[in-house]
Amino acid sequence: MPDPRFFMKSSARSLAEIALLAGAEPGPGADLDCRLEDVAPLDVATANDLSFLDNVKYKDQFLTTKAGACFVSASVADLAPKGLNLLISKHPYKSYALAAQYFYPEPVPESDISPQAHVAADAQIGEGCRIEAGAVIMSGAKIGAQSWIEAGAVIGCNVEIGTHCRIGPTSSVSHALIGDHTRLYPGVRIGQDGFGFAIDPAGHVKVPQLGRVIIGDHVEIGANSCIDRGAGPDTVIGHGTWIDNLVQIGHNAKIGQGCIIVAQVGIAGSTVLEDFVAMGGQSAVAGHLKIGAGARIGAQSGVMKDIAPGQEYLGTPAVPIKQFMRQVALLGKMVKKNT
Amino acid sequence: MPDPRFFMKSSARSLAEIALLAGAEPGPGADLDCRLEDVAPLDVATANDLSFLDNVKYKDQFLTTKAGACFVSASVADLAPKGLNLLISKHPYKSYALAAQYFYPEPVPESDISPQAHVAADAQIGEGCRIEAGAVIMSGAKIGAQSWIEAGAVIGCNVEIGTHCRIGPTSSVSHALIGDHTRLYPGVRIGQDGFGFAIDPAGHVKVPQLGRVIIGDHVEIGANSCIDRGAGPDTVIGHGTWIDNLVQIGHNAKIGQGCIIVAQVGIAGSTVLEDFVAMGGQSAVAGHLKIGAGARIGAQSGVMKDIAPGQEYLGTPAVPIKQFMRQVALLGKMVKKNT
Amino acid sequence: MPDPRFFMKSSARSLAEIALLAGAEPGPGADLDCRLEDVAPLDVATANDLSFLDNVKYKDQFLTTKAGACFVSASVADLAPKGLNLLISKHPYKSYALAAQYFYPEPVPESDISPQAHVAADAQIGEGCRIEAGAVIMSGAKIGAQSWIEAGAVIGCNVEIGTHCRIGPTSSVSHALIGDHTRLYPGVRIGQDGFGFAIDPAGHVKVPQLGRVIIGDHVEIGANSCIDRGAGPDTVIGHGTWIDNLVQIGHNAKIGQGCIIVAQVGIAGSTVLEDFVAMGGQSAVAGHLKIGAGARIGAQSGVMKDIAPGQEYLGTPAVPIKQFMRQVALLGKMVKKNT
Chain B
25 MPDPRFFMKS
35 SARSLAEIAL
45 LAGAEPGPGA
55 DLDCRLEDVA
65 PLDVATANDL
75 SFLDNVKYKD
85 QFLTTKAGAC
95 FVSASVADLA
105 PKGLNLLISK
115 HPYKSYALAA
125 QYFYPEPVPE
135 SDISPQAHVA
145 ADAQIGEGCR
155 IEAGAVIMSG
165 AKIGAQSWIE
175 AGAVIGCNVE
185 IGTHCRIGPT
195 SSVSHALIGD
205 HTRLYPGVRI
215 GQDGFGFAID
225 PAGHVKVPQL
235 GRVIIGDHVE
245 IGANSCIDRG
255 AGPDTVIGHG
265 TWIDNLVQIG
275 HNAKIGQGCI
285 IVAQVGIAGS
295 TVLEDFVAMG
305 GQSAVAGHLK
315 IGAGARIGAQ
325 SGVMKDIAPG
335 QEYLGTPAVP
345 IKQFMRQVAL
355 LGKMVKKNT
Chain E
25 MPDPRFFMKS
35 SARSLAEIAL
45 LAGAEPGPGA
55 DLDCRLEDVA
65 PLDVATANDL
75 SFLDNVKYKD
85 QFLTTKAGAC
95 FVSASVADLA
105 PKGLNLLISK
115 HPYKSYALAA
125 QYFYPEPVPE
135 SDISPQAHVA
145 ADAQIGEGCR
155 IEAGAVIMSG
165 AKIGAQSWIE
175 AGAVIGCNVE
185 IGTHCRIGPT
195 SSVSHALIGD
205 HTRLYPGVRI
215 GQDGFGFAID
225 PAGHVKVPQL
235 GRVIIGDHVE
245 IGANSCIDRG
255 AGPDTVIGHG
265 TWIDNLVQIG
275 HNAKIGQGCI
285 IVAQVGIAGS
295 TVLEDFVAMG
305 GQSAVAGHLK
315 IGAGARIGAQ
325 SGVMKDIAPG
335 QEYLGTPAVP
345 IKQFMRQVAL
355 LGKMVKKNT
Chain D
25 MPDPRFFMKS
35 SARSLAEIAL
45 LAGAEPGPGA
55 DLDCRLEDVA
65 PLDVATANDL
75 SFLDNVKYKD
85 QFLTTKAGAC
95 FVSASVADLA
105 PKGLNLLISK
115 HPYKSYALAA
125 QYFYPEPVPE
135 SDISPQAHVA
145 ADAQIGEGCR
155 IEAGAVIMSG
165 AKIGAQSWIE
175 AGAVIGCNVE
185 IGTHCRIGPT
195 SSVSHALIGD
205 HTRLYPGVRI
215 GQDGFGFAID
225 PAGHVKVPQL
235 GRVIIGDHVE
245 IGANSCIDRG
255 AGPDTVIGHG
265 TWIDNLVQIG
275 HNAKIGQGCI
285 IVAQVGIAGS
295 TVLEDFVAMG
305 GQSAVAGHLK
315 IGAGARIGAQ
325 SGVMKDIAPG
335 QEYLGTPAVP
345 IKQFMRQVAL
355 LGKMVKKNT
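Residue numbers (our numbering), protein chains in the order written: chain B, 25 to 363; chain E, 25 to 363; chain D, 25 to 363.
Please note that the accuracy of each hint is not assured.
For chains that are exact copies, the list does not tell them apart, and a pair is met inside one copy or across any two.
What the hints assert, rightly or not - DSSO-like cross-link-like pairs, simulated, lysine-lysine; straight-line CA separation at most 30 Å:
no., residue 1, residue 2
1, Lys-329, Lys-346
2, Lys-230, Lys-90
3, Lys-314, Lys-360
4, Lys-346, Lys-357
5, Lys-329, Lys-230
6, Lys-329, Lys-83
7, Lys-106, Lys-278
These aren't lab readings, by the way, just hints derived from the structure by calculation.
Could you build all of it, start to finish, from the sequences and the hints given here?
Dropping the structure here:
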């Protein structure tokens, strides 16, 4: 059970209600009135808990679970232990997410401008905002309604932040326009100058960075990640893109919608990721490249050329995943033969 | 000599006293009354300085050092220059560390709650704590005795921090229970939501992250490192583990005791490191893996499979270190032959 | 046109004036009195805009640009579209940088010590400094004239910062001496203890870190980068070195002048980079190595041996770039043959 010091739970719901909110169908014989009080993993769930099976790796736990109900795909319903209420879903993990969101909704910030926050007289703060102690909102900044500026965050001059945003503790934003329902985790850095200069033995000459960072709606940017502003064009992050912790995005990069950027990724300047690109942890893309929609780049890969839509690449330099696997297999075989 | 603006030195001690506190034995003929005033590297040490030889790379410096005394292992004692007082130790570097700790003890925070800190009325602050300007302690948080919350740090609601901890400037902690004598360096991020969502073209669906971060005693976490809270289970960091700067630890990861995690490492979600695992800089472990006790993973490696206890791995994908060396050698040979 | 909410433009200048300030020569037939009002990329520039051609990749844009004037090298002047005023430069990108600096000069901080900053009574603040809300300046710190300490930055006891510096929001500095005209971007961590301890199963023993961080003049350090202080010797960053975001520099490292360190690089302890070394993104150098002046290390490389001056290395373990290219080609050929 989640620690009640940190998480506030909603009230119990019947299986029928859960099915409805989670986009699932009660399985054959399921008890529609069964009360579900909480969510829990298969192996620790009890009769009042709702669980899910998404990854076949956990099938054994499914066979013996004591959960009260369980989201599953139709294909594994037959394996269910006797008496387990099933909730059949095309996307069991998504259904679980929706149910968990019901039981544990995102905290809604209590509207309050802390007297210990530092808000410029001409900043515009929307209705219902929460501005915490130590936060600094500079001249001309606009914060949309219901947004939450956490402790010690610094919002620069004339920055615009949409509604229902959450800006994490001690993060900083400048030269940026941010959409609605977007969240910056703690320590995120948005809008600082990109890494631009003319190389000169007498002292590199700074190139003024004259663009902005434009961030869409429903974007999440993980802790201590950095997004530099453009050099002339803007740096852009599309709607619904999820960025993990410690990610670096260089000036002028354009990241499409719905992309997934795992921790410690680096995206060099002026590179374009089309929609729904996924990049594994610690991978990187060189500058001025184009990564096609839906392409997938494996962890630690180093991409040095454009990638066509839908392709899966791996390795440094990154190659199609099948070729990478062959390289690894071949190298292994040769080493064996030579020793 | 360390800069007195930044370091405060304890008073001189005799060689006999030093031997005692550092777990070393005076060598044959050593002057037990010799006064030692400071520590210094072999090449710059003078007659009042204490030094050490641990790495054979520095043997030449040992042969000509002007140090007043030197920690060495018994095996090299014979090489000592005439007149150098030896302190024989099984672990010369550890003995040096203990002596250096005597001369330069960790600063003890002056007990003080700054009037410029923002402490919630119902936060519990132990005796002897130091809470600096700009720090924010939220409702229900508990800070153990003698702990030191540095400037601008943000401690979230109901977080518990043990005694003798030090929480670095502008770091942030939420959803976490932290043991005693643990230190977060500047800019550390603890307890934010892990990277969890159901992929959906219509907008990825957030999976509430319902676990905590549990950190043991005597843990060190380097600057700007990030540890996400669990998705359901907790993320756990065992006693005495040392984590360097800019490290990423994903949700549900379990890190054992005494592990050593060098800078810029990434540990993906739900992975387990047993006790005393060492990971070199920029290496990474994929999710849901188990790394056995005492295993060693080389710098920049990418681990894609479980590793048995005590094994040494290197490369991407990581292989046993001997195999990696053979791959490198073989590739080098083939390139030569083909050009 | 740069967003006027974020960038303030200087007044128009004649082509003759621009040529002078940017170190360029008006091309044959150029209209010396032509008024230029702004800078812009070739493809969007209009008759009042100044542009540049530096990278041959953008030649097509040059052929059709509507810019009022353009910096080019003499070698491509013949290709210019009719009527385009040329500004001939040996270094067109540098000339552009100087012109852009004229139109968009770095913001000069308005002198002000915010009543919401926390400045120790015995800190020394030079003339014309700007200290923003939430910044913390500790006892004995010295800030040189015209320096700018941004919101929430924390300057530790006895730290010295030169003149015309800019210390980014929520960054932190301790145990450091910083030169003039140096800039730390947001979230930078300077001077925390290096990662030093004697390994011990009973609990690793901390080795006191007794050095400092010494940073030269005209240094730039990117967002969320970390530079640890020395263990005994100092960690040193030379004049005019540019460091990008999320870079890690370990204790005792010595970085020369004019180096270029791209994002997410890791430099391990006690390593020396001579002057004008360039390191690509996510590359790393192991500890105790020496990288010769002007050496270039490719992105994601892992350097495990010294590199001679002027050499170009790539790969993990890093090898001369030609050898790396041969390895990649050979491996590709073999995979083809074997499938």
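Which numbered hints fail: 7
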